[in-house]
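Participant: Line by line, the protein sequences give chains A and B. 1607 is the number that our numbering gives to position 111 of the first sequence; each next residue is one higher, with no gaps. 1961 is the number that our numbering gives to position 465 of the second sequence; each next residue is one higher, with no gaps.
It should be emphasised that the hints constitute simulated quantities derived from the structure, not laboratory data. Values in this document were obtained by computation on a predicted structure and should not be read as measured data. Careful: at least some of the hints might be erroneous.
Since copy identity is lost for identical chains, a pair holds within one copy or between any two.
[Claimed, not checked] Dumping the calculated DSS-like pairs for lysine-lysine here, alpha-carbon to alpha-carbon at most 25 angstroms:
(1) K1843 - K1625
(2) K1860 - K1836
(3) K1885 - K1625
(4) K1598 - K1944
(5) K1563 - K1598
(6) K1870 - K1563
(7) K1733 - K1716
(8) K1724 - K1955
(9) K1616 - K1652
(10) K1729 - K1716
(11) K1816 - K1868
(12) K1832 - K1613
(13) K1885 - K1628
(14) K1622 - K1917
2 protein chains.
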Amino acid sequence: MIFGSKGLVFLFNASKKQRVPFVSLRVLSSVSGSSSSATVLLPQCLGELFARPPRLNSDVTVQGWIKAVRVQKNIAFMDISDGTTYQNLMCVIPPELASNLKTGESIQIRGLWCESKGGKQKYELKIPKDYKISDEFDNCIKVIGTVPENYPLQKKFHTQQFLRTIPHLRWKTNVLSSILRFRSHVETSLIAFFNEKNFIKTNPPLITSSDCEGAGELFKIESTSNEKNPTEKFFGKDSYLTVSTQLHLEVLCMALSRVWTLSPCFRAEESSTNRHLSEFWMLEAEIAFINDVRQLTKFSELMIKHVVRTLLDDSSEIGKNLIESRRGRAVEEAIKIREKWNFLLSKDEWDCITYTEAIDILQKAEADGIVKFKFKPTWGASLQSEHEKWLAGEYFKSPVSVTDYPIELKPFYMKINNDKKTVACFDLLVPEIGELVGGSIREHDLFKLSNEMTRRNMKVDDLNWYIDLRSNGSVPHGGFGMGFERLLCYLGNIENIRDVIPFPRSAETLDC
Amino acid sequence: MIFGSKGLVFLFNASKKQRVPFVSLRVLSSVSGSSSSATVLLPQCLGELFARPPRLNSDVTVQGWIKAVRVQKNIAFMDISDGTTYQNLMCVIPPELASNLKTGESIQIRGLWCESKGGKQKYELKIPKDYKISDEFDNCIKVIGTVPENYPLQKKFHTQQFLRTIPHLRWKTNVLSSILRFRSHVETSLIAFFNEKNFIKTNPPLITSSDCEGAGELFKIESTSNEKNPTEKFFGKDSYLTVSTQLHLEVLCMALSRVWTLSPCFRAEESSTNRHLSEFWMLEAEIAFINDVRQLTKFSELMIKHVVRTLLDDSSEIGKNLIESRRGRAVEEAIKIREKWNFLLSKDEWDCITYTEAIDILQKAEADGIVKFKFKPTWGASLQSEHEKWLAGEYFKSPVSVTDYPIELKPFYMKINNDKKTVACFDLLVPEIGELVGGSIREHDLFKLSNEMTRRNMKVDDLNWYIDLRSNGSVPHGGFGMGFERLLCYLGNIENIRDVIPFPRSAETLDC
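So here's chain A without its partners, still in its complex pose:
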């Protein structure tokens, strides 16, 4: 017997209505010398089955996990899912076949592909009482893998908080698996967008010797074989995990003009919030021959709108995947998400204000008693998360770009405006999340860049290669970074960033 752990494998033959020993199927036959006869490449998955439904009343074999079983007197219903689509397959079977089946078990089932009369779904898999399967298949339901009595994912509502305590099992739930499919779809949509715009996707390094943002909170890395000899360094010098790939992207931008990446970045941030991770994926883009920050705000708006358009495209299942899995939990939530997507496309151009205007709005709102902030909005001080969320969520009720922040709030590489007080940068703020995208025009003039680095007392040695770009055919350029997980949270109405990445990493959290 090949399948099933713990010897709890039972098989049923509907026509004989009795337990029979398991006989292996040819497709899944035993592997001895595995280079034996060729087999069917991959067994059909539910995603394929729903996309290209078989002939009605034809025999169909599927595999998946049981999401729920309801046994009535004369009939039993079972939902199975294999995670390749948001749709469960409803199986209508004789009750005696279902009595031992449990939620969470993996099974193989063979039956007739029928139109469903229930209305909720178009098709169902039916095992009639007198179902005769072909000689090749002796049984119509086979348990592949069992579950323990206390299997945690019973058919009932689970809080995300509880699910985070079982990180190796939680993706089996419909809501969370739909988020992983959503993540994959959004990435594909971004790839299409950047390809269409002649961008090259590239992979800057994760191991670096420099601290791009100068913000500290780095992870240091070293080979375990040098652990006992701290003077030996694997790379010949101290090495860190990157916090942003921007400086390296600029190198590639000076060769390819339009580059982007979707790359892991790392921050050793001690604080634990629902929008920070120690390991996250960042989309960064760098564009040559631009010199106006409005080109960047507009471009990043186009990028996000492109993704939203893909999600709303009724000819694909991509948006439905997320919405339908929510509808199962709460209809209002599903409606809200679709409304948000429609709203994001409804405005021709999202709002854009300067930092100075933003401070004015915030101060006036506080003076008028409209809102009370914990941190007083002051020109020269950072916009706090509460300010960002209020601006986008309450004042503009829409994504809004804030441009031209004071020099001292931003890193050394940003282009200083003619006022000598602000830099040509922007943050795109969105309701609920706050900062989603941040970018700037970069200083491409050697002299000005060097001056600013000197003024900031920066160690220049590690960045000689970066500075040298400015003497070898330098061109005006700019770019931006967007936290990929934040985009997913925003577009998917997902509260906690830990639920949009398979294995979230943060201080004290390294469970599996």
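Since the structure of chain A is provided, determine the placement of chain B on it from the hints.
Facilitator: Then chain B, alone, in the frame of chain A:
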């Protein structure tokens, strides 16, 4: 004046044939308060221009870097490139405009879009002697960024070895920039393949607490803020950079059935070869409901053939990009690459042998005096790189899968065959490279997996979550990993893995 470093910006007006001060173009206008008037989103790039050529004899403005200038008595030729396509734009200009232009400089040029009489290219940009440009543009050539006298990338042959010494500039060369475009195209092609097959692209973690392969050679990571206090651990335990995402992919496979990733992996390998990196990108896929290693060999063959088919697709520029950039250097090389691609598709199914058969072939070849190996091929010992390369390159002259290696050569998670001596695994060997893909059916039976871990004296604590997958609806499954850079080397006929990744990392190498 906005553009240009070092104040070396000169501008020419062809009609007046004299230097004039630079007047900024509206599109690239000065940024003061950058939230001013909206501007053209992104300036046109060469990729767009060649894909959708403008009307003949219309005025066209482009920006890019000078690849070469040839000044003759009555005419000058200049090639410019912006890296968005393999094609240079040839500019035909009055010699007096070209006399001060240098290879490597970034320029903006305006002229007439004309059919080219040269034959090598279809179009060219022409500045006739009497060219009158519109009022808006006072000048037809503008130097944006200059280069020093010793600019290293003069128009001549550079060895890759030399280019690796200027890691921040080398991607400006045609051959290397074509490799980055190639990399991007191949990734897009893989995404299309996996989407079509209902796989979900996902991102397993890079920071882990376990050593998946048990092979050592790990990088350890720690927050810099804990440097002085080694008992404090950011994650509460020792943490490492992943060497393979497989174990985590298996978690997701048990929820989504078909998952894949293209993810950075890390190995602190001290040895420096032309096919190893400390930081590399690995494609890994994990598939539920399969139990025959031949499903995996066949599937990975389909995957690679899909990419090759994309490269050979004449309706796109994707394959041409690489081939044409090589042709510039050596016609034979370009022909060889195309021949290889055609060859890879010519066989219906690539060869597949067992490890035992492979050892027989190697031993017989040595006994017959056909080949002499440094390492004697022996059953039970690893296949050495020389064996792999000879099998694929000399004996089969084609990619070949070797399956069913001895248990002791492979990790704990592989399914043990009925012979109890071998495991259901495979390596796909290819000419020149050796191992390109490696995979296996995984042991999905709790009891057998635990037994094997005990037999190997493995610490089980860190992998409880992995083992627990086997008691919660376990299903037969398998997967494989493929070094993304190795695939690029193989398909692109590129000798050194350092030339297919933007910033290669290996022992003692962390230049920029």
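Participant: A separate judgement is required for each hint: does it hold in the structure or not?
Facilitator: Structure-based check of each hint:
For the identical chains of this complex, K1843 and K1625 are neighbours neither inside a copy (57 angstroms) nor across copies (48 angstroms), given an alpha-carbon limit of 25 angstroms. In this assembly of identical chains, K1860 and K1836 lie within 25 angstroms of each other by CA distance neither inside one copy nor across copies; the values are 28 angstroms within and 69 angstroms between. Within a single copy, K1885 and K1625 get their C-alpha atoms no closer than 59 angstroms, and across copies no closer than 58 angstroms, so neither meets the 25 angstroms cut-off. When the C-alpha separation of K1598 and K1944 is checked against a cutoff of 25 angstroms, the pair qualifies only between copies, where the shortest distance is 23 angstroms, while the shortest distance within a copy is 69 angstroms.
Taking CA atoms no more than 25 angstroms apart as the test, K1563 paired with K1598 passes inside one copy only; the shortest distance there is 9 angstroms, against 68 angstroms between copies. When the C-alpha separation of K1870 and K1563 is checked against a cutoff of 25 angstroms, the pair qualifies neither within a copy, at 46 angstroms, nor between copies, at 57 angstroms. Taking CA atoms no more than 25 angstroms apart as the test, K1733 paired with K1716 passes in both settings, with 11 angstroms inside one copy and 15 angstroms between copies. In this homomeric assembly, K1724 and K1955 come within 25 angstroms of each other (Cα to Cα) only across copies, at 22 angstroms, whereas the closest approach inside a single copy is 29 angstroms.
For the identical chains of this complex, K1616 and K1652 are intra-copy neighbours only, at 19 angstroms inside a copy versus 69 angstroms across copies, given an alpha-carbon limit of 25 angstroms. Taking the closest pair of Cα atoms, K1729 and K1716 come within 25 angstroms of each other both inside a single copy (12 angstroms) and across two copies (12 angstroms). When the C-alpha separation of K1816 and K1868 is checked against a cutoff of 25 angstroms, the pair qualifies neither within a copy, at 39 angstroms, nor between copies, at 61 angstroms. Taking the shortest Cα distances, K1832 and K1613 never come within 25 angstroms of each other, neither inside one copy (29 angstroms) nor across copies (60 angstroms).
For the identical chains of this complex, K1885 and K1628 are neighbours neither inside a copy (62 angstroms) nor across copies (53 angstroms), given an alpha-carbon limit of 25 angstroms. For the identical chains of this complex, K1622 and K1917 are neighbours neither inside a copy (72 angstroms) nor across copies (43 angstroms), given an alpha-carbon limit of 25 angstroms.
Consistency note: the structure conflicts with the earlier hints numbered 1, 2, 3, 6, 11, 12, 13, 14.
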